[in-house]
Amino acid sequence: MAQMPALIPKEVEIQRLKKIWLIVIAMGSTAASVEVDNFVDGSLHQTSIRDSAFTPAHWWLYSHFVALPLGWGSVAIYDRKVPVLRGPNNSMNTGLKMTILGYLATMFTIGVNEMWHFWFVEEIFAVPNHWMFNMGVVVAFMGALAYVVRVYARLVELGAETPGENPYVAELYKMALEGKLYSRAIP
Amino acid sequence: MTLPKGFGSGGSGGASSADVEKMIGRRVENMTGIISLAYIAAWLATFGGTAAGYFYYPWAYPTPSGHYAFIVLTIVEAIGYLFCVKVMEEGTKRKSNGIIGAVLGGTAVGTIIISLFVGT
Numbered sequence: 001m002a003q004m005p006a007l008i009p010k011e012v013e014i015q016r017l018k019k020i021w022l023i024v025i026a027m028g029s030t031a032a033s034v035e036v037d038n039f040v041d042g043s044l045h046q047t048s049i050r051d052s053a054f055t056p057a058h059w060w061l062y063s064h065f066v067a068l069p070l071g072w073g074s075v076a077i078y079d080r081k082v083p084v085l086r087g088p089n090n091s092m093n094t095g096l097k098m099t100i101l102g103y104l105a106t107m108f109t110i111g112v113n114e115m116w117h118f119w120f121v122e123e124i125f126a127v128p129n130h131w132m133f134n135m136g137v138v139v140a141f142m143g144a145l146a147y148v149v150r151v152y153a154r155l156v157e158l159g160a161e162t163p164g165e166n167p168y169v170a171e172l173y174k175m176a177l178e179g180k181l182y183s184r185a186i187p
Numbered sequence: 188m189t190l191p192k193g194f195g196s197g198g199s200g201g202a203s204s205a206d207v208e209k210m211i212g213r214r215v216e217n218m219t220g221i222i223s224l225a226y227i228a229a230w231l232a233t234f235g236g237t238a239a240g241y242f243y244y245p246w247a248y249p250t251p252s253g254h255y256a257f258i259v260l261t262i263v264e265a266i267g268y269l270f271c272v273k274v275m276e277e278g279t280k281r282k283s284n285g286i287i288g289a290v291l292g293g294t295a296v297g298t299i300i301i302s303l304f305v306g307t
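Chains C and B are the protein sequences, given in the same order. The opening position of the first sequence corresponds to residue 1 in the numbering used here, with each subsequent residue numbered one higher. The opening position of the second sequence corresponds to residue 188 in the numbering used here, with each subsequent residue numbered one higher.
Pulled out of the complex, with its shape left as it was, chain B reads as follows (with noise of 0.2 Å):
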C-alpha cells in the first residue's frame, strides 16, 4: 500500500497504528459536542427564518403556518441529529444517550414553548 508523503517508515513496510491515528486525526467518535452544537445552531436558525413571519409579516406569512413548519423542521433536524451521533459511535464502546437525551429534550421543550407563546 503507498501511503502519502511523511506517513510510514519510508520503506516497503506497511501503516503503523500511528501513521493510522495521523491519517484519521480527530475521530468521528469524538465529535459528539460539535454535532450537538451544530444541530442547536440549525433549529435557532430555522427559528430565525420562520421569525420572518412572526415579526416581519404575519399578514403575508400566518403564525400558525411558521409553527407548523418550525415544528416539521425540528423532528425532520432531530432525526438527523440522532442519526448523527448514533451512526458515528457505532462499532465503538461510546455512549452519548445522555447528551443526546438533554439536547432533543431541550429543543422539543423549546419548541412547544415558542409554538406556544411566540407570534402575533
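Looking at chain C on its own, in the form it has when it is part of the complex (with noise of 0.2 Å):
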C-alpha cells in the first residue's frame, strides 16, 4: 500500500482514525445483537409463525435494521474529517458505501416484509420477502470488514500501535514495520 501524504497532522487523523473505530465498534456490538435475535425471531417463528407484527423479537429486530443504517451513515459523515479514507473520485469509501447500501436494503425489506405477511400468514425461511434481509447484511459485513481493515493499516502506517515491551517483541515489530521480518528466514 502506497504511503498516502500526510493532509492532516499526524496526531489529528490518529485521533479521528481510534474515534471511527469506537463507533465502528458500537456498530459491531449492533450486528451481533441482531445474530442473536434471528436466533429468537426465528424461534418463535417456529413456534407460534407469526402472532402480530409488533411481536417483541420484530422490536429487536426492527430496531437495528434501523439504526444500523443510521449510525453506519454517522460514520460516513465523520469519516469525511480523515482524506485517506476517502473513496474513488473524492467520494465516500467503497467499503462504507456498500456497508450503507447493505443496512438500508435491510431498512427497507421490513416494509417489503409486512406488505408480504399482510396477504401470507406464513413465515417460512426462504420466501422472496426475507432474501433482501439476508442479502443486505452480507454485503453491509463485506463492506465493513474492508473500511474496518482501512482504518487499521492507516493506523499502523501512521506508527499508532505501541510497540511491546519485551525488547525482542519491540525489535521483531520494528523489523516487521521496515519489511525485514522475513528476510533472515528467505535470504
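Check before you lean on any hint, since a few could be wrong.
Stated by the list, open to error - Straight-line Cα separation of at most 30 Å, DSSO-like style, residue types lysine-lysine; simulated pairs:
{"#": "1", "chain 1": "C", "residue 1": "K81", "chain 2": "B", "residue 2": "K282"}
{"#": "2", "chain 1": "B", "residue 1": "K209", "chain 2": "C", "residue 2": "K18"}
{"#": "3", "chain 1": "B", "residue 1": "K273", "chain 2": "C", "residue 2": "K174"}
{"#": "4", "chain 1": "C", "residue 1": "K10", "chain 2": "B", "residue 2": "K282"}
{"#": "5", "chain 1": "B", "residue 1": "K209", "chain 2": "C", "residue 2": "K180"}
{"#": "6", "chain 1": "B", "residue 1": "K273", "chain 2": "C", "residue 2": "K18"}
Calculated from the structure, these hints are not laboratory results.
Make the complex out of the two chains shown on their own, each in a separate frame, by following the hints.
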C-alpha cells in the first residue's frame, strides 16, 4: 500500500481514526445483537408462526435495521474529516458505501416484509421477502470488513500502535514495519 | 499543509499545537467514562432483548437459550469494551485498569446472577 501524503497533522488523524473505530465497534455490537435476535425470531416463528407484526422479536430486529444504517451514516459524516479514507473520485469510501447500502436494503425490507405478510401469514424462512434481509446483511458485513481493515492499516502506517514492552518483541515489531521480518528466513 | 478555515496563522505557516488541539477536540484517551457507560448500556440492552424470551414468550424462546445468548453476547461486548479502552489509551500515560476491572467484574457478576435467578 502506497504511503499517502499527510493532509492533516498526524496526531489529529490518529485521534480521528480511533474515534471512527469507537463508532464501528458500537455498530459491531449492534450487528452481533441482530444475529442473536435472528435465533429469537426464528424460534418464535417456528412455534407460533406469526402472532403480530409488533411482537417483541420484531421490536428488537427492526429497531436494529433502522439503527444500523443511521449509525453507519454517522460514520460517513465523520469519515469526511479523514482525507485518506476517501473513495474513488473523492466520493465516500467504497467499503463504507457497501455497508450503508447493505443496511439500507435491510431497512427497506422491513416494509417489504410487512407488506408480504399482510397477505401471507406464514413464516417460511426461504420466502422471497426475507431474501433481502440476508443479502443486505452479507453485503454490509463485506463492506464493513473492508472499511475496518483500511482504518487499521492506516493506523499501522501512522505508527499508532505501541511496540511491545519486551525488547525482543519490540525489535520484531520494528523489523516488521521495515519489511525485514522474514528476510532472515528467506535470504 | 493547507489547514481548514479558522486554523493557522493565515500565512504559509504550519499548524501550531493549539491548532492541533482545536482540530482534535475531545481526545480519545479521555473518553473512558463514556465508553464504560456505552458498554453498560449495551449490556442492559442485551438483557432487554433476551428478556423478550424470559418474560413474554418463554414457550417459544426457552430461558436456557436466552441465558446462553446473553452470556455469549456479554463476553463479545466485554472483549470489545476492553479493546476500546486499551486502544484509546495506547501511547499515552493514562491507565484505567481500575475502572475496566470494576465494570467488567460488575457485568460478570450481574450476568451470573441473571443466569441463575431470572427467567422461568
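Now for the hints, and whether the structure bears them out:
Straight-line distance between C-alpha atoms of K81 of chain C and K282 of chain B comes to about 28 Å, which keeps the hinted pair within the 30 Å bound. The suggested pairing of K209 of chain B with K18 of chain C holds, with an alpha-carbon distance near 17 Å, which does not exceed 30 Å. About 21 Å separates the Cα atoms of K273 of chain B and K174 of chain C, which keeps this hinted pair within 30 Å; it holds. Of the supplied pair hints, the one linking K10 of chain C and K282 of chain B holds, its CA atoms being roughly 23 Å apart against a limit of 30 Å.
For the proposed pair K209 of chain B and K180 of chain C, the alpha carbon gap of about 38 Å is over 30 Å, so the pair is violated. For the suggested pair K273 of chain B and K18 of chain C, the alpha carbons sit about 11 Å apart, so the restraint of at most 30 Å is met.
The structure fails hint 5 only (numbered hints given earlier).
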